[in-house]
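J.: Starting from the structure of chain A, add chain B with the ligands where the hints point.
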Amino acid sequence: MSMNEPLRPSAPPPQVGPPPQVGREKQTCLSGTGVTKLFGFGRTKTLAVDHVDFNFHEGEVISIVGESGSGKTTLAKMLLGLISVTEGDIYFQGQKRDISSSRKKQEYWKNIQAIFQDPFSSYNIFSKIDDVLLDCIRMRGGQRLPKEEKVKLMTEACSFVNLKFAELTNKYPFELSGGQMQRLMIARIFLLKPKILIADEPTSMIDACSRATILDYLMKLRDEVGMTLIFITHDIGLAYYVSDTVFIMEKGKFVESGSADAVILTPQQPYTKRLLNDVPKIYEEWDLSTV
Amino acid sequence: MRHTFRQAFSSGKFVTGFVILMGLLLLVILYPLIFRAPPLQIIAQGTFFPPGIYVSAYDSINAPTTYTLNLDGAAAKRVAAKLKDEDRVAMKEWLVVAGVPEDQIDISDAQKLLTLWAENYDPAKQVKGMTLARQRYFQRVNNAIQGLLSTEGAIIAVRQPESGALQEAGAVKQTDYVNISEVPNVRILPLGTDNFGRDVFAQLVRAIGVSLLIGIVAGLIATGIGLVLGLLAGYVGGAVDDVINFITNIFLVIPSLVLLILISFSVGQESRGAFTVAVVIGVTSWVWTTRAVRAQVISLRNRDHVNLSKLSGHSLFRIIRGDILPYIMSYVFMALILQISAAILAEANLSILGLGPRTTDVPTLGLMMQWAMIYQAHILGKWWAYFPVLISITLITFSMNLMITGLDQVFNPQLRN
Ligand SMILES: Nc1ncnc2c1ncn2[C@@H]1O[C@H](COP(=O)(O)OP(=O)(O)OP(=O)(O)O)[C@@H](O)[C@H]1O
Ligand SMILES: [Mg+2]
Numbered sequence: 001m002s003m004n005e006p007l008r009p010s011a012p013p014p015q016v017g018p019p020p021q022v023g024r025e026k027q028t029c030l031s032g033t034g035v036t037k038l039f040g041f042g043r044t045k046t047l048a049v050d051h052v053d054f055n056f057h058e059g060e061v062i063s064i065v066g067e068s069g070s071g072k073t074t075l076a077k078m079l080l081g082l083i084s085v086t087e088g089d090i091y092f093q094g095q096k097r098d099i100s101s102s103r104k105k106q107e108y109w110k111n112i113q114a115i116f117q118d119p120f121s122s123y124n125i126f127s128k129i130d131d132v133l134l135d136c137i138r139m140r141g142g143q144r145l146p147k148e149e150k151v152k153l154m155t156e157a158c159s160f161v162n163l164k165f166a167e168l169t170n171k172y173p174f175e176l177s178g179g180q181m182q183r184l185m186i187a188r189i190f191l192l193k194p195k196i197l198i199a200d201e202p203t204s205m206i207d208a209c210s211r212a213t214i215l216d217y218l219m220k221l222r223d224e225v226g227m228t229l230i231f232i233t234h235d236i237g238l239a240y241y242v243s244d245t246v247f248i249m250e251k252g253k254f255v256e257s258g259s260a261d262a263v264i265l266t267p268q269q270p271y272t273k274r275l276l277n278d279v280p281k282i283y284e285e286w287d288l289s290t291v
Numbered sequence: 292m293r294h295t296f297r298q299a300f301s302s303g304k305f306v307t308g309f310v311i312l313m314g315l316l317l318l319v320i321l322y323p324l325i326f327r328a329p330p331l332q333i334i335a336q337g338t339f340f341p342p343g344i345y346v347s348a349y350d351s352i353n354a355p356t357t358y359t360l361n362l363d364g365a366a367a368k369r370v371a372a373k374l375k376d377e378d379r380v381a382m383k384e385w386l387v388v389a390g391v392p393e394d395q396i397d398i399s400d401a402q403k404l405l406t407l408w409a410e411n412y413d414p415a416k417q418v419k420g421m422t423l424a425r426q427r428y429f430q431r432v433n434n435a436i437q438g439l440l441s442t443e444g445a446i447i448a449v450r451q452p453e454s455g456a457l458q459e460a461g462a463v464k465q466t467d468y469v470n471i472s473e474v475p476n477v478r479i480l481p482l483g484t485d486n487f488g489r490d491v492f493a494q495l496v497r498a499i500g501v502s503l504l505i506g507i508v509a510g511l512i513a514t515g516i517g518l519v520l521g522l523l524a525g526y527v528g529g530a531v532d533d534v535i536n537f538i539t540n541i542f543l544v545i546p547s548l549v550l551l552i553l554i555s556f557s558v559g560q561e562s563r564g565a566f567t568v569a570v571v572i573g574v575t576s577w578v579w580t581t582r583a584v585r586a587q588v589i590s591l592r593n594r595d596h597v598n599l600s601k602l603s604g605h606s607l608f609r610i611i612r613g614d615i616l617p618y619i620m621s622y623v624f625m626a627l628i629l630q631i632s633a634a635i636l637a638e639a640n641l642s643i644l645g646l647g648p649r650t651t652d653v654p655t656l657g658l659m660m661q662w663a664m665i666y667q668a669h670i671l672g673k674w675w676a677y678f679p680v681l682i683s684i685t686l687i688t689f690s691m692n693l694m695i696t697g698l699d700q701v702f703n704p705q706l707r708n
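Respectively, the protein sequence lines represent chains A and B. Counting from 1, one number per residue, gives the positions in the first sequence under the working numbering. Counting from 292, one number per residue, gives the positions in the second sequence under the working numbering.
A few of these clues could be false.
Quick list of in silico lysine-lysine cross-link-like pairs, DSSO-like style, CA-CA up to 30 Å [to be verified]:
# : chain 1 : residue 1 : chain 2 : residue 2
1 : A       : 193       : A       : 96
2 : B       : 601       : A       : 150
3 : B       : 601       : A       : 152
Just so you know, these hints were derived from the structure itself, not from any lab.
So here's chain B without its partners, still in its complex pose:
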């Protein structure tokens, strides 16, 4: 057994897949230890906040110290952030009409654009063929830009409780900065929030954990059933083999997805926890393992080392455990990984159909996909609600397939020998 593992880790592909998987696992284990907020808590008022660092505006104003930093281009950046793309295009249009060569205008450089504008714009100038409304529009743009370029700070006022009058409590200059570490309330939302206003990243980490768990439970169940039935059918043979073959064939002719959907549906939404879904996936996907194990065992059972074991008076159980299992272990291990990754995909399939685990306890990768689809994240362009989920599913499946390919390369020459 130790030999088998050492062999597995000699394969680069296996190790790569293993490292990716362990990385995900580490994330799943460590992240909740550091950030303890419950992943399904609704924190945002509103849907689909974009990813970023959220700093409390109130706390920023009331930060214990404000620092003055004179940074070049700070004003321009401020302007750039406010100047909308359509305004820039309009500005360019005017400048071209005013005689500025087109290749000198770069609308992505706000600073330059503003300088050009200041030099060339003349509100009184009559452009031939331009409607009055259009001229007014340019005047409005010009006014807005003027406001932007103002260098005054903002006054902070508090309302007097008795009179209701505003009283100046402080001022924020444009050069005032706060150190983010002195702001008591900062929330990093690496992947923003979802349609319910929940932290997508925290949810995703939990979902990867739950999905892996579903995969492992389902994979173990499927491999366990497949292994036991395959060993019995292959080694004992006879009537046992016939009965198992009959059951296997029944399961084979019904597509397992259909079976999965039927069982999930009949179990009902209320009693469908993540564990139940894992069990349902497990008991519907053992068929191929059974057949593969059976075939392997049949090719092994007439080998002389098994015969020698019989002659040495070993029991059926001992022969299966000692003389059959070790020979198919590498194969079973590959089948297990395959089952795990297939089960994770099966859960995603079920959840997208609305037949996954009930939505109140835990997130899974499939449920996150379902929510994103129901709330049309993909149509609204809220990539953070579905793209990271897709990446996670892909990464898990990819790493597992890499492991299987690696194992296959290591073990198959050995089987051929």
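This is chain A alone, in the form it adopts within the complex:
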């Protein structure tokens, strides 16, 4: 840990206790100190996340970039409270996060939502697609709405991700393509409008054209409801395109972090440079043209 300290000149210092009220847009919504996850015992021990510190602000778009196996998904699951934290603390809206009872967990999950990495395992294969979307309407307190109203909401949410609800209704998840499943997961977010969204490679199976539209819609949603977007990707170009702050993750550690411009235009770490070099040329040019 002490090794990375000097290597993160632009990283915000970890927040402990109530966040400083600098300004509305700078309010901390999620932060952590020394967050660690250790899987297994003895010989099969894996240090998936290794003492990471972070400070995510409200309304910000944060990207966590790293190669496969660097611990991105594990960190996301800890942030979501789906797996336990081996060591360290996570703070939610300035308070130490308390999800010790199932009621508190349910309360926490009203604020934080996710798009999981693998759309194929994200669905219950025994329930219809409609149930997934109806759950979202229920969570927003709309279970009493008339049926037409619900269908309208679902149709609208689907249209944001280039899906036609009429074609999907009454189908089972396994009747959909991977990309369709992934888009439906994003449609959930348009219904839920959560405070924090953790999106783990949300567009990995979606064609480039739809991807741009969907990302634009997500950005709009961010502006509309002040959603904090935590974006997990191995694609540093995409991270640069969407995010305000970038965290570079290597073997469970944050090796570099800061504003997207600082990290990507002037990378300090060889790992970051390597990630940047791996970006296909054509993509890089497109990226630079959008600066």
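T.: Leaving out everything else, chain B with the ligands in the frame of chain A:
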């Protein structure tokens, strides 16, 4: 759920097993509706009557009409039925001595044997080296055969109540027949009677029903306990898991048969009805289901669809019911069938040891085996008292195992995906 069933019925093996089981079930349900006699009633005076159709001799004689049928070989059949095997062998022996070539003598054909005998037997003939006693024996056989070949009928006499003298009331000719449907008292005993003189088939049908019921009750109890404990241990985890694991391990180290015997013994003969035995079997056999369900749930609980359900604010109960149970349902169903067939065998085991249900109310397959063994049906060669029981147990277990194999083939590729 509907999908699961449709998948199950796409397997040939499952369907075969299912059809066999349904056939047995149909028999169990329909037979008592048609033949209403209580299955445990003692009807026979004597033990182990062989299977067959029993026609009242008295009613046959008094049948409203007698019919005359002239059938070829009727007399020979009558003779054949009376001619004992040892007599036939002796006849052959004599004929060979008398000079008939051995390959011309067929002792299974009574008619031919008798003709040969009539042609060759000479009571006066002295056979060298034959004792007098042996010669007398052949003379006796000859006399008996002569009696058999008589063509006279039998006289039916009634005793005069006053004088006690016999008076002819009718005669039965050898060519007289009665139509069995005109005889008021006919009892079919497809599997004869047992040592107590009870109809084995009626008993067997009831026993299959009771044993299946014991199996289902015990299977449901075992699967129910196993499922609930497995779900709790697997999904809730933590201290709950530790406690359940501890209990499971205790049950694991004690062989369940020993436990079963101890509990059955301590319950006592009097209060040991079929239902009690089923409960005892059920509460001693949930361990493997618990462990298997726990393992399955642990592999499911970290899947993203469960995570999504959590994020959607679903309660623990709702997640278990909606996101865990459907995934393990096919497995639980297989476990249930396995438990049922194991429970039927466990009942048979207990009963053979004399620890089954008390013997006064209902028969079970195990009790029938026990009775057959105590009264040595297997030593006496009374196959009908035990063999059909064995076949029934085998058929039930076989059909259930077939169902499980079928289900396994259908569901396991799905689990691997
Ligand atoms: N449940 C688990 N049990 C044991 N080890 C695990 C578990 N989940 C993840 N790991 C290990 O933790 C490390 C980080 O995994 P993680 O899924 O967080 O990587 P990732 O950055 O999301 O990779 P990818 O880009 O491929 O999704 C890996 O070495 C992985 O093997
Ligand atoms: Mg991942």
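J.: For every hint, state whether the structure bears it out.
T.: Hints, verified against the model:
no.	hint	result
1	193(A) to 96(A)	holds, 24 Å
2	601(B) to 150(A)	holds, 22 Å
3	601(B) to 152(A)	holds, 25 Å
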